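Colleague: Since chain A is already given, all that's left is putting chains B and C on it; use the hints.
Protein chains in written order, with my numbering: chain A, 1 to 265; chain B, 1 to 256; chain C, 1 to 561.
Residues from chain A shown here face chain B by an in silico Cβ test under 8 Å; the list is partial:
id, residue
1, Asn-37
2, Gly-68
3, Arg-84
4, Val-118
5, Phe-154
6, Leu-208
7, Pro-209
I should point out that these hints are in silico values taken from the structure, not numbers from a laboratory. Because the structure is a prediction, the values reported are computed rather than measured. Glycine included, C-beta positions come from ideal geometry on N, C-alpha and C.
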Amino acid sequence: MPQYVLYVERKTFIHHLDPRTKIFLVVCVFIWSSVFNHPLYTGFVFLAVLSLVLVSRTFTQLKLFWFGLISLALMSMILWPLFRRGGTTHLATVFGISFTAESVMYGVAVAFRLVAMVLSGLLLLTTTRIEEIELAMTRLGLPYPMAFGFSAVFRFIPTMVGDGLTILAAQQARGVNVAGGNIFSRLRNSAAIIVPLFITTMRRFGDLPIAIESRGFVPMEKRSYYLSIKMRPIDFVTVAVLAVLAGLSIYLRLNGYGVVFPDVI
Amino acid sequence: MITAFIVSAGLYAALLFVFAALPIWLIPGVTAIRPGNAIPPFTSLLFGPAAAWGSAVGNLIGFDILGGALTIGSIGGFIGNFFLGLVPYKMWHRLFKEEPHCRSGSSLLKYEFVVLTHSGVVALIIPYWTELVGFVPFTPLAFIIFFNELISAAIIAPILMALVYPRAKKAGWLWTDVMKGYQYTPTEVKSHHRLGGALVFFSGVVGLWITILVGLGLGQGLFFGPGVGFAGGSLLAVGGVFILIFAVGMALLAKD
Amino acid sequence: MALVEVKDVWVKYRGARDYSLKGVTLSISEGVVAVIGPTNAGKTTLCKTIAGIIPNVGAYDDFRGEVLVDGVSTKGRKVGEISRKCAMVFQDYESQLFRTTVELEVAFGPENLMLPLEDIRERVRDAIKAVGLENLEKRYSFALSGGQKQRLAIASLLSLQPSLLILDEATSDLDPVGKRAIYEVAKNLMEQKVIKSLVLVDHHLEKVAAFADRVIVMKDGNVIMDGPASHVLSEVEMLIQLGLHPPDTAAIYSRIQPNSKPYPMSLEDALRKMPKVSKARPPPAPKYNEDEPAVEVEDLWFGYQKGEWVIKGVNLVVRKGELLGLIGQNGSGKTTLAQLVAGILKPIRGKIVVFGRDMTSYGVMIRGRDIGYIFQNPDYQIFSNTVREEIAYGLRARGLPEPEVEARVMEVSNMIGVSNILDEDPFFLTKADRQRVAVASILALNPRIIILDEPTTGLSPGETTALMDTVLKLNLQGTTIITITHDMWVVAKYCNRVVLMTDGKIVADGPTRNIFSEIDFLAKYDIEPPTVVSLSKKLLNQTYLTVDEFLDLVSFNNETG
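This is chain A alone, in the form it adopts within the complex:
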């Protein structure tokens, strides 16, 4: 059974924050980790996010993602020294390509930055229900039909994945080889999965507009909301602290702190 819902029910400080506060937190992590490119500074941001994950007690939920996160970090450490050339401290020459200490440090800094960002996104998704995010988006000014469409797609993915897996089995039973053979025959045979999936889905959702309309939905008209979210004093305090920290980080960067390469992000 694939994991469609990242949210885990816990009673922690972070779970209780308003979803808008948590979205602001994610934005701030993006800011903090993007203004610096020195590994000490982005490493500090990474540790801060990691401790928030521990506080929210969602650490175990992330087990599926560790491989990806570690690979992401390694990728950054290898690729950036190759492509972000610069600095004066010669470190080593490998296969005729020379590396500087600065570019290696930059690679490590970006590795921390990327992992911090991904973790903050996961923190949001593991501590907030998808309908709270939908509600937060409408409160932040996104038109309701867009938020509605977004959550409807979310709702239908398990249905489509289920259909897809059944179709895969149905075609394999007829001898359609999707898992083996060379890459071209595999790609060609995947049409035997995608076409029935598409047609099944179109038949299934042909009546969707009627179903939505017959529940009284008129796209841009006013509506009331069953769920509600409320910014409490603790949310305002949190937002204020986050904003000050974001301002501080920008101030530090403008004064030359926390950078290996001052000219780039």
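Modeller: Okay, now just chains B and C, sitting in the frame of chain A:
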């Protein structure tokens, strides 16, 4: 309209998600082999604008959210995938009088021209963004996205079109069945549309490769030791020019 | 004043060959109204017209006539506005559930009505309680079972508090007990005056007889009969000609006392009025199949998630040439077991032997050579441009030479009765025809065992009979058949062996007649054998499986025919 959006977003997300749960990484955490990439050009030609939003949202949910890759890079992914679903239908709708049924040599050829262009466009936009925000370097990512998108779109999607397009037309599923007053194929190809198409093709295919060459250090110093300067700055300048050209081309195509 | 007035309505869908409604006139006020008829009779079109969906949404070549809801014409009004009076539940519940959680789904209608929060809460609470989904409010709707989803679809319309609720085959995926539960919910709502009337479309005429006050019969876009339920359902000849399955009691009385219309519709009534039996010959003794085993399942265990077993130590031997009916409630593990046998799922523990070969470690590609699996939804496998290519696809995938492929396609299509549509696009065929194409394309591969997973869902009784007659023909030619179904009359008529599952285990296994004679035992697992079985059991302590068998073997004192 809502059906077209849900189907194009849902199918794209579902296919991406299945392969995100079992990723075949190309660049870990950044891009993996995506057989679902055949969906955007396919739904684009059937559903038009709904597929552009569908591709953008489908990628956001299937890859970034369910795959746990929600980062600042997701913004570039959203924009890039939007054009992935926009470019094929817009070009076809303005430039070709033949239908995209892929059942004749000329229809297939036109189709492959369109997917070549849209693969180039997305391979220019997304890596440009990730380079800009210091996320992933432009060059390797552009290379991978281009071929990754092109292979699935060029091989799977024509088969899908050949099997589905005639039925979709008969069943009334095409975007022109919903958006009344539009013609699926032009009665005459206007010159500014031809120019727009040429600019989009130029930026997506020629522009992409020039930017990649800049990124590879052409005239820079990848193989000449450090200290020559950043490839980043000139790369962003060159890529930026081509993105501007692309924008002008799209604007011309959008104009009646 | 009537709640709904339909006045001479004609409907032609865009591009359709013919009108779907041809001058229908009727009115609905209070009570339960059932609409019955064969496929394409116009039942769904009528429902959509009453709900105001036609002519306001969708494309039509022609719409004539008028529909008044509470005295106001539906034409030009918003469907959402009409649905506050007449709300319709469709057959496919998946597309009606588009919100993430149960409570949000139910709240969606009231939210659109701009109701204050307090009212929304109250309506959500009431609607969820009415369909029995309490304590699932926060559950994601994709994590519900099929039966729960159908209940949720109904609840999401109940919260609009309509006067008229339309259920268009909205219970077709439910087991008989789930079906009855839904109808009882609806009936309760009527008694509590939450809704004034109910329109049902259903092929199960015994359920119709039990719940409906009035029955409307449709054919080719016309209403051909309209009257009290017991009167209409006594027209046994007409129902059979329409390909419908009349209630067992009516079918029996139409033969033994043809002039006693209206015939009894319930078991109790039928027993009370039954004339004296002069002679009852015993049914043939059940035959035990001693042939070689086709499938042997040994101590099979399976679960999708750790610690949650769906199949709990199943042992089963299916012998060559059997036609086995696999029955049980929704969620009892029938489909899971069938998919394990076909190799679609891999067991966690246990062994599966097919014709003497241990196949446990082989996947569906290898097992597909022996076992054909036919899914409930034919669209899961159909994708080719023509029926011919579709049937040939599996043969070509296996690399058979072209002349052999063609010969096999002809042979199979003659047998299944699709040889006249070989060059048509399967996409535009009816569901019953698509189901036949799916069967043909599996059959072309010449499997020795065929598994059918609820193949008759959504088919009319006439279409079901046609499909099962073909299956029986294959069986008589030596193919072993395992079929999953909720239709007990299908089991009684066609299967020679029944396996009953509950909670991942087999609780009964034997010849159909033996199993069905244990009515009280079956009731514990919410299985109701056909009414004729209960009738013969109570009347004569015999087990006759079908109406025909009953009439053949039982003679009455006053028999006229």
